[in-house]
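Following the hints, put chain B in place on chain A, whose structure we already have.
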Amino acid sequence: MSGTLNSSTTVGMEGRQATAPMKESCEHQADCLKRIQAILDGGATDEEKEHFKQHIEICKPCIDMYHLEKCIKEALQGKVEKKCCPEKIAAAIRTEITK
Amino acid sequence: MTTMPEIMSDTQLQGYTDEQKYQVFNKEFMPHIDSMYNFAFRLTMDEDDANDLVQDTYLKAFRFISSFEQGTNAKAWLFRILKNSFINDYRKKSKEPAKVDYQDVETTYNSDEAAETEHTTDLRFETVQDMIGDEVASALNSLPVDFRTVIILCDIEGFTYEEMAKILDIPIGTVRSRLHRARNLLKDKLKEYAASMGYNKNDE
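Residue numbers (UniProt numbering), protein chains in the order written: chain A, 1 to 99; chain B, 1 to 204.
Only chain B is shown next, with the shape it has when bound in the complex:
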């Protein structure tokens, strides 16, 4: 292999030396490992599956490192690989409890546009403020995985709509509408939860 200059320009992506591969891997990929693990855990809801999914994803990322352009968004690139691995390898065997077919949910919500207009949760923000993390997490965990995913990417990981569109391979408009539906569902769950826990006891 020919010697590469120390600083590579954007056009010299294809030929990383082994040493450069490790450098890119350690500098650009490894710092995201906790976010990646958290995403994997929230998708699979299982520690062993999350471990496997993160390992598989990182090994794939290493194998395909030549298609990663240095200086571009490594985190989004990694999340996309993880999401695809999850869909291809884990989704079928995932231990998700009430498995809801995404298409069904999406259809239900689409056919319900009129009802959506009326969708006003009487959930109060003070109620949410009083909740602890585990309560919010269990409401999140109870959402179908595609809805959970957009909320994790947007609210927990702080990806932009554009990044989410790339990670999920869907148009930005779909990102926005899916998020909107996901949040309506989440509010319903939070409200149910609050009611069952005796929050919202009623104002002064």
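Bound-form chain A, shown alone:
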């Protein structure tokens, strides 16, 4: 399995509902959260990706965690203002190195 999971991966309740019952509580929440973060960061191991795929569609708390983590990451990426370097600083650096 080398398919990468990206933000377009569908995570929802549709997939497996017919075959497996949805879990309402998760006994490995802390581990699952770490795994979910690694998935979203693009740093998950193959084993973690596999576990995530098996687990994510059948566990309600994990689905919720996934959405929250993804949403926070997107807010940090997209909403928090990125400060730009004042032009005078860039100019001062250019002058300084040619001295």
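Honestly, the hints are just simulated from the structure, not real lab data.
Hints should not be assumed to be uniformly reliable.
The list that follows gives simulated cross-link-like pairs (lysine-lysine, DSS-like), each with its CA atoms no further than 30 Å apart [claimed, not checked]:
{"#": "1", "chain 1": "B", "residue 1": "K189", "chain 2": "B", "residue 2": "K60"}
{"#": "2", "chain 1": "A", "residue 1": "K73", "chain 2": "B", "residue 2": "K166"}
{"#": "3", "chain 1": "B", "residue 1": "K21", "chain 2": "B", "residue 2": "K75"}
{"#": "4", "chain 1": "A", "residue 1": "K82", "chain 2": "B", "residue 2": "K189"}
{"#": "5", "chain 1": "B", "residue 1": "K21", "chain 2": "A", "residue 2": "K79"}
{"#": "6", "chain 1": "A", "residue 1": "K99", "chain 2": "B", "residue 2": "K189"}
{"#": "7", "chain 1": "A", "residue 1": "K70", "chain 2": "A", "residue 2": "K34"}
Structure of chain B alone, referenced to chain A:
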């Protein structure tokens, strides 16, 4: 100095001519100046300190340019210098409000592994979606600097765990666990913030 071929191979790092130094500097280093400034600003939380930190870092980078291998990750290389300059020169005098000793925080969180398992924020993703950038930024700014740093590097700058490990001089496992703790803290802050602002008023 002997004439260098126009295209240098990886093994010819050591002897940049002056002209090549400027070329590398302008082509590889300067394009990252806004990211560097943003990082400096988020670390120091002060525009003047950020200006100084970015200048110092770029001048250091120029001075040590011969140890930069062309074709390798310039952004990570620069971020590492900036982070080290911050720790050595700015951290003590930084105007950070509630200064929390990182070791204390890390110890608290480590000793709290059991509680961590129970760490479920009832923060809803819709609440976060409704927040504006400044609200998220102030939650981020309220984190101790080491936790803030990993979130900036990972979520704002998009560095990989491996790059972060190099920038911070810590193992990848530590990067991951620090990020995990940082995010738990951030969620607590976001939740506090949401409560104080009257978000989460309760569902339909």
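A quick look at each hint next to the structure:
1. B:K189 with B:K60: 36 Å, violated
2. A:K73 with B:K166: It holds: about 22 Å lies between the C-alpha atoms, which stays within 30 Å.
3. B:K21 with B:K75: 17 Å, holds
4. A:K82 with B:K189: Holds. K82 of chain A to K189 of chain B sits at ~21 Å (cutoff 30 Å).
5. B:K21 with A:K79: 37 Å, violated
6. A:K99 with B:K189: 47 Å, violated
7. A:K70 with A:K34: 13 Å, holds
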